[in-house]
Amino acid sequence: MVALIRSFMSHSKGNRLTPEELAQRAGDGLRARLFTRLYVVILTEWDRQLRAAGQIDFEDMLNLATDHVESGRWESLYRLIMVDEMQDTSTARAALVRALLKTPGTYLYAVGDDWQSINRFAGSDLSVMTRFDDWFGAGSTIRLDRTFRSPQSLCDIAGGFVTKNPVQISKNVRSSAPDTDETVIAVSVRERSQYGSVVRQHLVGIDEQLTGPAKVLLLGRYARSKDDVTSALDARYANLTVEFNTVHASKGKEADYVVVLGLERSGFPSTIEDDPLLQLAMAAADPYPFAEERRLFYVALTRAKRSALLVTRAGGESAFLLELVRNRAVKIRSAKGDDITPVVCPKCKKRTMKERNGRYGQFFGCTGYPVCAGTMKLADA
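Just add 1 to wherever you are in the sequence shown, counting from 1, and you've got my numbering.
Hints are computed from structural coordinates only; laboratory data are not their basis.
Derived CB-CB ranges, DEER-like:
no.	residue 1	residue 2	range
1	Gly28	Leu145	38 to 44 Å
2	Ala53	Arg144	47 to 53 Å
3	Ser271	Gly106	43 to 49 Å
4	Phe59	Ala139	27 to 33 Å
5	Asp68	Pro371	56 to 62 Å
6	Lys254	Phe122	18 to 24 Å
7	Val168	Asp68	29 to 35 Å
8	Pro214	Gly362	54 to 60 Å
In silico lysine-lysine, BS3-like type, Cα no more than 25 Å apart, as pairs:
no.	residue 1	residue 2
9	Lys332	Lys350
10	Lys252	Lys165
11	Lys254	Lys172
12	Lys165	Lys350
13	Lys378	Lys351
14	Lys216	Lys252
15	Lys216	Lys337
16	Lys254	Lys227
17	Lys227	Lys252
18	Lys172	Lys252
19	Lys332	Lys378
20	Lys351	Lys332
21	Lys348	Lys165
22	Lys378	Lys355
23	Lys332	Lys348
24	Lys165	Lys351
25	Lys332	Lys355
26	Lys378	Lys350
27	Lys337	Lys227
28	Lys332	Lys165
29	Lys216	Lys254
30	Lys227	Lys216
31	Lys337	Lys355
32	Lys348	Lys378
In this text, a Cβ means the ideal position worked out from N, Cα and C, and glycines have one as well.
Work the whole structure out from these sequences, hints included.
Set out below in structure tokens:
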């Protein structure tokens, strides 16, 4: 409860929500109404103790600074304001930048990539970038559409995936890196306990073909994914340096080879939601399904300089992986290298098809039956 209240306080102060506005957002929900009432009592005492100690918290520092600039109590001496990672800017930070820009002759230079906005839980507001002109006024845009990291085919797969969300700013990423065949592949195992052995097998295969050092990032949606690949991490390789990161922690990093773990329905995209109470104080969410998870998957893929391996479990494939399969962007192979790319259900588009026997012979039926009754002729697969 303490962590929830502190996180709620950070978001509500950052978005400058009054008790009245919070009550309005809470609506008729009993839990939400009781929580906001409790929060206001705690906030009042929190602010009283800060004043008594002659201190302010981080959110107050931003808000009070903005108030001083807007009221004219402090005149900005800055003429050029530079902001990096604009896609992760919070409402409070954006408001301070906007206030500084009111001084005549002040200019803003901002750099960011809305495709990599993955920190809403920490207070970032994607609309600051996607509605830049509304926040700061009209300006010119320079599209940094050249990458020197990932091959073109990987850029095409990752870019096509993330831009399914129409909110994302459109751009065509061009690569200066040499291209290779099958820069994104997937491998399927029967049980999660086989993750370590199949990843180690993949890395041994890479290691044997190298003549110099290379780096590998094993990426998990959660930190606990590291436990699935300890055998691959602990193994000795002649040319490879292998490291595990969560996808969030990998942002800003790169490696020659990337392995994305847990491309399963229960893993990536994550279906674990934040406490709904936090939504009362947070910036408006992107309405596109799994919008931030989609951007997170894009970040995972684009850490790779040469290729990315996606690891899944047969019969439990992630919706993201099945989307790539449906779009013929990725093939799924067994640990032995055989093509076992499944047929995706044309009705629900979330499950795979399985051969079944019916009154009129064999056909494909959705593995999600009876929730999904999708069928297909064998000849149409």
